[in-house]
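Protein sequence lines correspond, in order, to chains G and H.
The numbering used here puts the first sequence at residues -12 to 145.
The numbering used here puts the second sequence at residues 114 to 600.
Honestly, the hints are just simulated from the structure, not real lab data.
Please read all numbers here as calculations on a predicted model, not as lab measurements.
A couple of the hints might just be wrong.
Calculated cross-link-like contacts (lysine-lysine; reagent style DSS-like; alpha-carbon spacing at most 27 Å) [said to hold, decoys possible]:
id: 1; chain 1: H; residue 1: K480; chain 2: H; residue 2: K301
id: 2; chain 1: H; residue 1: K339; chain 2: H; residue 2: K318
id: 3; chain 1: H; residue 1: K257; chain 2: H; residue 2: K323
id: 4; chain 1: H; residue 1: K256; chain 2: G; residue 2: K46
id: 5; chain 1: H; residue 1: K480; chain 2: H; residue 2: K275
id: 6; chain 1: H; residue 1: K434; chain 2: H; residue 2: K257
id: 7; chain 1: G; residue 1: K94; chain 2: H; residue 2: K263
id: 8; chain 1: H; residue 1: K256; chain 2: G; residue 2: K(-9)
id: 9; chain 1: H; residue 1: K339; chain 2: G; residue 2: K94
id: 10; chain 1: G; residue 1: K(-9); chain 2: H; residue 2: K339
id: 11; chain 1: G; residue 1: K94; chain 2: H; residue 2: K301
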Amino acid sequence: MDTKILIIGLGNTILSDDGAGIYVAREIRKRCGTTPHIAIVEASLGGIGLLDLMAGYQKVVIVDSIKTKDGSPGDIFRINVEDLGDPSYPTGPHFLDVRTAVELGSKFGYTMPETIDIYAVEISDNTTFSETLTPGVEKAIPELADLIIEDCGLKQPE
Amino acid sequence: MGKKITINPVTRLEGHGKIDIFLNDNGDVEDAYFQVTELRGFERFCIGRPAEEMPRIVPNICGVCPTPHNMASTKALDYIYGVAPTPTAKLVRRLQYNANFIEDHYIHFFFLAAPDFVVGPDANPAERNILGVINKVGLDIGKKVIDIRKRTRDIIKLIASKPAHPEGGLPGGVPRGITEEERREIRKTADMSVDFALFAMQLFKDAVLKNKAYLDLILSDAYNLKTYYMGLVDDDKRMNFYEGRLRIVDPSGNEVANFHPNDYTDYIGEWVEPWTYIRLTHLKKIGWKGLIEGDDTSLYRVGPLARYNVVDGMATPLAQKEYEEMVKTLGKPAHHTLAFHWARLIEALQAAENLQVIANDPLLTSKDIRNMNFQFTGKGIGCVEACRGVLIHHYETDDRGLINKVNLIVATQHNAAPIALSVKKAAQGFIKGGEVKEGMLNMAEMAFRAYDPCLGCATHTLPGKMPLEINIRDRSGAIIQTISRGI
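Chain H extracted, bound-state conformation:
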């Protein structure tokens, strides 16, 4: 018969994020390293499988970005089979993809960012959670978040059968089209999403930007990191989540690269360090320079702040207006890590407006949803903007279409080195002369949370909270103090 056990705090779990902070001889922060659990054997798992199985497998490798993995994989299949999706198929894919952006961004903002910015970074930790946010903003707002989430997930479910882990994904098309009746409901969701996006934007302005202490926090040096930035842009260099060219800007905002994602290996290098399983990405043409920021760095960031920095503007009018306000306040490029949250809300507004445009497009309900004119190539690179940043799937197959090479570059991989640097800078203000001040954990976590990183998160082992552990070490590596949450 089963034993009864208590999970927390005596049980130690694996699969958590770990940050090691190293102090110098004076007891001040010298370095910080961010580590995640290694998931092994993905390429071996895939080899020999038909390429068309990939869009159904890859959503299961990540509990946070299943739809972006599904979409990047589907786009890689387009290239393997040498077909472009029909205009209607592309609309349906973009419908699914923008619905995902709305859902994901709001869950992040209300569950992860709002406890800090709406409840307050110094609030009682027991209240600094979604329940505390609802107590502050009111139950009706909480219900609206849940309702928008449900409606946008219903769109994903309609197209790809399961919202958590989509199963659809066909080269040159989509598994099903949209009916006129479904369009009516989608239109309603789109309109509600725009209204909610405008509300969320106002909430952010009232609760954060009008609060001098919070604005000072966003603008503080502790949360400022000078890096390059990379993101997808359309032909007019506006923001695009589904497709486009990858644009890189330097720490001063100048364009240094603009290339088709198929050429990613010419621009993105992967570096192995002994302290992490993650192959650390950097700008190949500069070469690996280590964990440094500033003009000499080869590190770049991806995700909402990076997209804000690489685009010339937003693709929709209301989002453009908000973008201009952010530019007026922070300038460009903005290196303020906590501004990820602001950029995220502007993106959710663009995604909602995109949904409206798609919902009203006459082509949406056409029956022409599949291009079967296959020109098999055996190689495919699919690239999308996941909510957390650029996601690349690269597959190669034999002449029967069976996988013989897989390479994935995920957002947390691009951001891993900058996350370490961001945590270091946040910790520097709270650790002096070997003394760790109260609040260090949350201040370091705020830097970490802004990126919303995925931590080898395909596992769901109890208790369902992803634990985080910070070890503070002296120069010799000996642990002076361990601070943890959820372990």
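Extracted from the complex, chain G is given alone in its bound form:
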């Protein structure tokens, strides 16, 4: 396997379910470890920070939390970067979307990922300071780790 893969767990582990992406990344690391081809990082960043992280990788997997209109806590989603909307005027410089970050990186001549896969867990509470997940979200963490390991063809130790 020559492809350089970066798995980014996004979130904030002191804001309850907001840390879901980070817990998934930790679960993948626990099961697969890291190899020269796979890096697993935890981050609490928006788009401009993501640019720094993603530059130089061919494939990036982002794991984050999400709140949808009709979702139930623990629902798992796969999202295309294109579905995140067009690059647009953000309401804050720290909240650039992933697409703008990639486009910006490419303009600057960085090697930006050819593919970005985004996975997300529907969450219940991201506004209470707490270091624990709500039950439905906690249950989804190993399930999403399974899905990403399978999708990315990552090998678990015998």
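Put chain H on the given structure of chain G with help from the hints.
Then chain H, alone, in the frame of chain G:
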């Protein structure tokens, strides 16, 4: 297996800023209210934890001001342990802090202000973003912004391990010192930062100040708000981001208070209103007067424009020259909300010059980086200027040093009521007789963006854009129209 979904525009997200604009019976703007998501339970989360954990926890409560939270918390620890940092430790802290100002101010200017002022407020929204700015100013300038950002973040990383959410922060000192080899690189960053600051200043003058339409916009009544102002000043009443006394000037520019931040509760009141989770700050000695501007208000503003208004001058020569030019153009106090952007660029220049001075200080590389002569007090108030304005951390502990009280006052809290008023004034020009004119959203947002507010921003839920929603309501509260971005 996971479902595939489309995020935008059908998905509705929480965690966004919300503005409610109320119209009177004639359909004209009567009031505007600015709301943010409530983050709950921070004090409960902290109680019982060792105080020295706080500088590592607090950067995670805000995705926008992690370094200022880290620094305010560290300074509060100094007081809890009754120690002053050594001269070298203070230099290292100021090095980290000024690097943060450079990084943050330029990201704000080029990503948030320049789309309006360089691309244009009436430009196609699809081009009114950082990509449009780069198309206009050239790729090399864009690369320079990214390079300066990287180099200044490298300084923060060197001292506090992680630039996004610094982990360092010790009472009486810093976690590590600076070597002579590192000094050389820091000096280079400082010199590059000054050059870039002068370039950015010129860009602002050419693109904005020489453009009559933009200058008229800055000077227009729609973006003018008469309030008090508060900011840190040094002993000579010059601008200081890291420490000093809090000075308050009235809407005419007269000093009405000058106090040590430890006495903040004597001067700053917090008021609860049913329409917001934010405890609205105001001048305690005047009392809460509501959302009004002018001589009778008790509202004050913080941040770059406030700092410009409270100081007698800048602390460095090149920034002082630019400050004098701004005074010549706008006078003092300047109540022009869009002038926040101008003041921000002058501050970035001072921060770059500060970096140069620190980088050349012989004491920077001394090994004396920690004062361990603890005189435990159990109470600490740390105050810094965050890029967005005065930030106060107040902790109290039991006799084992475990936290039993926490109070934070953040910049967006100081500015929340003025933001509502600024949006109201900007909207007034675009809503008449119940008719909402084209461009209202961006004109109201320009008022809002000048403050660069943080919106309960510790969450990073997809899609990574902080949405904003404006509801226009009639007198009874019924929604007539909703305008939103990123929802």
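Status of each hint after checking the structure:
1. H:K480 x H:K301: Status holds; Cα separation ~22 Å.
2. H:K339 x H:K318: Cα-Cα ~25 Å, so holds.
3. H:K257 x H:K323: With Cα atoms ~24 Å apart, K257 (chain H) and K323 (chain H) stay inside 27 Å; holds.
4. H:K256 x G:K46: 24 Å, holds
5. H:K480 x H:K275: At roughly 22 Å apart (the allowed maximum being 27 Å), K275 (chain H) and K480 (chain H) satisfy the hint.
6. H:K434 x H:K257: 24 Å, holds
7. G:K94 x H:K263: With Cα atoms ~17 Å apart, K94 (chain G) and K263 (chain H) stay inside 27 Å; holds.
8. H:K256 x G:K(-9): 25 Å, holds
9. H:K339 x G:K94: 42 Å, violated
10. G:K(-9) x H:K339: 55 Å, violated
11. G:K94 x H:K301: 26 Å, holds
Checked against the numbered hints above, the structure violates hints 9, 10; every other hint is satisfied.
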